[in-house]
Amino acid sequence: MGNVPTKEPRSRSGSLNSHGTNTGGRSSRRNTALSVFNPASMKTSKSKDKLKAQAQHYNDLVVRVKELVDGGFLAPYGTYKLDLDFSTSIVRDLIIARRLAPFYTPLQDFDESWSDKEIFILISQMPLHADDDAFAEEEEELDPEDHKIHRSLNYYKRQEQKAKKREMIDKMKAERRQNDLDYLTARKSSTHNEDLSLQDLIIKLYKTAVECPICFLYFPEPMNYSRCCRQPICTECFVQIKRLEPHPPHDDPGQQDSSELPHTLISECANCPYCATADFGVTYDPPLDVHVGLGTTTKPGDYREPTIVETVAEGATDSAVDSSDETETHSVPPPTRHVKPRRRSSISADSKSVITTDFIRPDWELKLASARSRLARKSATASAIHASSLIVTGDSATGNGNRLFIDSLEDKMVEEALRLSLLEEEERQKKSPGSSSS
Amino acid sequence: MAALPKRIIKETQRLVSDPVPGITATPSEENLRYFQVTIDGPSSSPYAKGRFDLELFLPDDYPMCAPKVRFLTKIYHPNIDKLGRICLDVLKDNWSPALQIRTILLSIQALLGAPNPDDPLANDVAVDWKSDEAKAIATAKEWTEKYAVPSTDSS
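Protein sequence lines, in the order shown, are assigned to chains Z and C. Read in full-length UniProt numbering, the first sequence has 403 at position 403, and its numbers run on one by one without any break. Read in full-length UniProt numbering, the second sequence has 102 at position 102, and its numbers run on one by one without any break.
Read the hints as simulated data drawn from the structure, not as lab findings. Mixed in with the good hints there might be a few duds.
The calculated label-pair distances, taken between Cβ atoms and stated as ranges, are [said to hold, decoys possible]:
1) E29(C) to Q108(Z): 15 to 25 Å
2) E55(C) to D83(Z): 20 to 30 Å
3) E133(C) to K378(Z): 40 to 50 Å
4) K378(Z) to K92(C): 48 to 58 Å
5) V16(C) to L122(Z): 21 to 31 Å
6) Q56(Z) to L83(C): 41 to 51 Å
7) S47(Z) to F57(C): 34 to 44 Å
8) Q159(Z) to V16(C): 40 to 50 Å
These figures come from a predicted structure and were not determined experimentally. Here a beta-carbon is modelled for each residue, glycine too, at the ideal position from N, C-alpha and C.
Whole structure, please, built from the sequences with the hints as guidance.
Dropping the structure here:
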C-alpha cells in the first residue's frame with residue numbers, strides 16, 4: 001500500500017514553492033486553489049492507493065484454511081465488530097513469526113470432562129467465522145451535509161468512498177460465508193485434506209483450552225500474556241485494545257503538561273486491562289510441540305502427535321530451520337530453537353519480544369496529528385467568524401476608523417490560514433513514506 | 001435481534017448464580033443488554049438502609065467500552081448529578097475490558113461510601129459538602145430516607 005513516494009512529495013513541494021514566494025494576498029487564494037484545482041491525477045492516484053490498502057485490509061479479515069499457523073489462523077473469528085483499525089499486514093506477519101498467538105476458532109464453552117472425541121466433533125463442526133449477522137444492522141454514518149440542499153464536491157466524494165467501502169465489506173462477508181461453506185463441506189468429506197487440521201492436532205490444542213478473561217471464550221494454550229502482570233489474553237481481544245481517541249487533556253493538574261498548548265488534543269497509550277500498567281503489551285511463547293502451517297514444512301493434515309516428549313524438541317528444531325520462505329521474519333530467530341522457560345516476571349514495554357497496541361497501529365501518531373490540525377482549523381475558523389462579527393458591529397459604531405484594524409486582522413487571518421495549510425502539507429508529506437512502509 | 005456475545009450471557013448467568021451481597025442486576029426481557037439494578041447503601045454511610053434503583057446498559061462495543069449506568073433514585077451525593085449520572089473514573093477513561101458489571105456496581109457502591117467532593121459532578125452538593133460536611137451528610141441521610149428507603153419492608 002502507500003503512495004508513490006518518489007513522485008508525490010516532489011510535486012507537492014513544487015506546488016508549495018511556487019506559491020510560497022507569492023504575496024500574502026495571493027497565497028490566501030492558493031489555499032482555495034489547492035482544494036479545488038489541485039492536480040487531479042495526483043489526488044486520484046492517492047485515493048486509489050488508499051482504496052487498494054482498504055481492499056487489502058478487508059481481504060485480510062477473511063479466515064482462509066490455507067493460511068494456518070499452528071492450528072490457528074491469520075484473521076479473526078469475528079467475536080467483535082469487523083470495523084477493525086489495526087494493521088492486518090503487521091498482525092499477519094507477527095502471527096507467522098510466532099510472536100503473537102494465531103486467531104484460533106474459540107470454543108463457546110468448555111468442560112474438562114469432555115472426551116477427546118467430543119472435543120473433536122465440536123471443533124470440526126465450528127465454522128471459521130462467527131455469524132456476521134450479529135452485527136448486520138450497521139448504523140449508517142451520518143454525513144454533516146446530509147441535510148443540506150447545496151452539497152459540496154467533497155460530499156459526493158465521501159458518498160462515493162462510502163459506497164466503495166460498503167462494497168468491500170460486502171465482498172469480505174460473502175467470502176467469509178463461502179469459506180465457511182467450503183470448509184464445513186471439506187470437513188464432512190472423508191477424503192484426506194492436507195490443509196485441514198487433523199483430529200490429533202485439534203485434540204492436542206483444545207484439550208487444555210483456557211478461558212480468555214475478556215471475551216470469556218476458550219482458546220488453546222499458550223495464549224498471549226500481558227507483559228506486566230502475565231495475564232492471558234486472546235489475540236482477538238488484544239487487537240481490540242488501543243489508545244484512547246484524541247481528546248482534550250483532563251483538567252487534572254497532575255497530568256497537565258506545560259509544553260502542550262491549552263487547546264491541543266492528547267491520546268494516552270493503552271493501559272493493561274488487568275493491572276492498569278501503562279504501555280500495554282503482550283508476549284507470546286509459541287508451543288514447542290506444535291509447529292505446523294505457514295512458516296513450517298508441516299501441513300496441518302500431516303501433523304502427528306509426538307509420543308515422547310524428548311523427540312518433540314528435536315523435531316521442532318528440524319522444522320524450525322525452514323522459515324526461509326518468509327523474508328519478514330528473518331530478524332526473529334525461529335522461537336522453537338531456544339527452549340526457554342516461561343517467564344514469571346514483567347518485561348519492559350520496549351523489549352523486543354513485546355508487542356504493544358501501538359506496534360500494530362503504526363498510524364496512531366498520524367491520526368492524532370490530523371485530529372489536532374482539524375481542531376486547529378476549526379478554532380481558526382471560529383475565531384475568524386468571531387472577529388468578523390466584531391468588525392461588523394465595530395464598523396457601524398465608529399465608521400471607517402477601523403480600516404487599519406480590519407486590514408491587519410485580515411492579514412492575520414491569511415497568515416493563520418497559510419500556517420495551517422503549511423502544517424497540513426508537512427503532515428501529508430510525513431504520511432506518505434510512513435504509510436508505504438506498513 | 002443481534003445475537004448476544006458469550007461474555008454478556010456468562011456475566012448474566014454468574015450474576016444470578018453468584019449474586020453480590022447488597023446488589024441486584026436483572027436483565028430486561030425485551031433487551032438483554034439492559035439491566036435493572038439495585039444497590040444498597042453501605043452501612044457506614046449516610047446512604048445506609050437505602051436501596052437505590054439504577055439502570056445499566058451494555059453498549060454494542062461492550063466490553064471494549066464501559067457500561068452506561070445511571071441512578072434512577074434521587075440521591076444527594078457530590079459525584080452524582082440531578083439526572084443520576086455518575087462521575088466515576090472506571091465508567092470513563094479508566095474503564096478496562098477486564099472489569100465487569102459486577103465490579104462496576106461494586107465500585108459504585110464504594111463511591112456511596114466514599115464521596116469525593118474534590119472531583120464533583122453535582123457542584124452545589126460538592127460546595128455544601130466542603131463547607132459543612134455534617135450538614136451535607138444530614139441532607140444525604142434525609143434524602144435517603146425520603147427517596148430510597150422502601151416504605152414497607154418489602155425486601
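Hint-by-hint comparison with the structure:
1. E29(C) to Q108(Z): 15 to 25 Å: The hinted range 15 to 25 Å holds for E29(C) and Q108(Z), with Cβ atoms some 23 Å apart.
2. E55(C) to D83(Z): 20 to 30 Å: Check passed, 27 Å falls within 20 to 30 Å.
3. E133(C) to K378(Z): 40 to 50 Å: holds, 43 Å
4. K378(Z) to K92(C): 48 to 58 Å: violated, 24 Å
5. V16(C) to L122(Z): 21 to 31 Å: holds, 26 Å
6. Q56(Z) to L83(C): 41 to 51 Å: Since the Cβ atoms of Q56(Z) and L83(C) sit about 46 Å apart, the hinted range of 41 to 51 Å holds.
7. S47(Z) to F57(C): 34 to 44 Å: Between S47(Z) and F57(C), where Cβ atoms are some 38 Å apart, the hint holds.
8. Q159(Z) to V16(C): 40 to 50 Å: Cβ of Q159(Z) to Cβ of V16(C): about 47 Å, so the range 40 to 50 Å holds.
The structure does not agree with numbered hint 4 stated previously, though it agrees with all others.
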